[in-house]
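Got chain A sorted already, so can you dock chain B onto it with the hints?
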Amino acid sequence: MQLIHKHENSNPVIEFDSVIWHFVQSYIDSYTSSASSQDVRTFATISYNRKNLKAGETYGIRAGFSTEYDYRSFSAGLSYTKEWNHGNSELNLTTQAFFDDWSIIYPYELRGKVTLPGSARKSLNAQANFFQVINKRLQLGISAELIQMSGLLSTPFHRIYFKDISIPDIERLPDTRLKVPLGIRVNYHLRDYMIARTFYRYYWDDFGIYSNTFEIELPVKLSLALTMGPFYRYHRQTGSKYFAPFQTHLSTEIFYTSDYDLSAFESHKYGLTIRYSPLLDYFVPEKSLLLTGFS
Amino acid sequence: MELSFNLKIYKLTIISMRKSLRNIALFSILASMNSCISVKSYQKMYLNDYEMALAAKKLEVFEINFETYREGASGANGGKVGGGCGCN
Chain A
1 MQLIHKHENS
11 NPVIEFDSVI
21 WHFVQSYIDS
31 YTSSASSQDV
41 RTFATISYNR
51 KNLKAGETYG
61 IRAGFSTEYD
71 YRSFSAGLSY
81 TKEWNHGNSE
91 LNLTTQAFFD
101 DWSIIYPYEL
111 RGKVTLPGSA
121 RKSLNAQANF
131 FQVINKRLQL
141 GISAELIQMS
151 GLLSTPFHRI
161 YFKDISIPDI
171 ERLPDTRLKV
181 PLGIRVNYHL
191 RDYMIARTFY
201 RYYWDDFGIY
211 SNTFEIELPV
221 KLSLALTMGP
231 FYRYHRQTGS
241 KYFAPFQTHL
251 STEIFYTSDY
261 DLSAFESHKY
271 GLTIRYSPLL
281 DYFVPEKSLL
291 LTGFS
Chain B
1001 MELSFNLKIY
1011 KLTIISMRKS
1021 LRNIALFSIL
1031 ASMNSCISVK
1041 SYQKMYLNDY
1051 EMALAAKKLE
1061 VFEINFETYR
1071 EGASGANGGK
1081 VGGGCGCN
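Listed in order, the protein sequences are those of chains A and B.
The opening position of the first sequence corresponds to residue 1 in this note's numbering, with each subsequent residue numbered one higher.
The opening position of the second sequence corresponds to residue 1001 in this note's numbering, with each subsequent residue numbered one higher.
Note that these hints are calculated values from the structure, not bench results.
Any given hint could turn out to be false.
What the hints assert, rightly or not - Now the in silico label distances, taken between C-beta atoms and shown as ranges:
hint, chain 1, residue 1, chain 2, residue 2, range
1, B, 1040, A, 103, 46 to 56 Å
2, B, 1045, A, 208, 45 to 55 Å
3, B, 1059, A, 110, 33 to 43 Å
Heads up, the beta-carbon is just placed ideally off N, CA and C, and yes, glycines get one too.
Extracted from the complex, chain A is given alone in its bound form (with noise of 0.2 Å):
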C-alpha cells in the first residue's frame, strides 16, 4: 500500500511521503525458510524545501524514520540544488544521517551463548549529482556518493558453521564500512512514442565488494494513456573478503560471514513496466504495474 500526501506551494515545499510494505516470503516447498515469513515495513519523511527563483538555488531539510520487525531507523538530512544554463544544468549536494537501531534476535540454539557488543548503527551519507541536459531529446545525471556506516553492521539472526569445530557462531563482521558508488544514468527519447533509460553503476567498498551494475529500459507509448518498458538489469560483484560458504571458515578468523549477498555473483533481471495514466481521468488514478523475472 501506498499513500503519497503532498501540500505544495510556489515556494517554499513541503512534501510528505509515508509508506506501508507487507512483504510475504516466497518459497519453492511447503516449508518456509524462517519465522520472518512476512514482515511490514513502515516509513514516511517529510521534507521542507525553499526556492530562490532569483538565484536558482534551493535549500531543504528532511527527517524521516522506518519501521521493521527487529529494525527502527531515525534519518535527518540536508540538501543544497544550484540551477544554471536556463535549468539545463544541475548540481544537487546532499547529506543525511540514520541513526538506527536493531532488536536482537539471536539463533535460537544459540541463545545465552553468543553476544554482540551492542545493536546500534550510525551511517552518514554524503550525496553529490550533476544533471545535464545535452540537446532537446537527450539528458544525463551523474551521482557520486559516499556512505560511511558504523556499528553493528553483521545480521545476528546468521549462523556460521566452521570447517574445524562442531560449535556454531553468529555472523561476525568489522563495525565500520565505507561505500563508495558512482553512477551514471543517459535518457533519450529516441521516437515520439519511444524513450531509452539507460543507467551505470560502479560500486566498491572495504569489505572488498566490487560490482558493476547496468539497467535499460525501453518504455514505448501505446497510447496517450499507456506506456509499456521492457527492461533489463545487469548486476555481477565480487565477493567480500570475510564471505565463505556453509563449514569454510575457521574459528580462529576474527571475521566471517556465510550470507550470500555478500559473495560473489552475478544476476540477470528482466521484466515489463506496465504504467496507466490517463489524462483527463479524475475517477481513475494513474497505475502502474511492475512484472520481473530474474535468473
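For chain B alone, kept in the frame of chain A given last:
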C-alpha cells in the same frame, strides 16, 4: 613459432581494439557534452516526459529496496545506500 607469433599479434590487436573502443566511448561522451545546447523551457516537451526523469521512478523504489537486501552493493540510483534497513 609462426603460430605463437600470430597469437601474439592477435592478442595485441584485441588489446588495441579494446583501447580504441574505450577511447571512442570517452570521446563520444565528451563530444556530446561539448555539443550541449541551451534548451529553452518551451522546447522541453521530450525532456519533461515522465519516462525521462533522471532518477528511479516511484514504482522502482520497492525494487531498489529489496536489491539493497539481496546484493552487497547499493546506492547512486536514488535508493537507500546505508542505514534504514535491517540488512548488510
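Hints violated by the structure (numbers, ascending) | none
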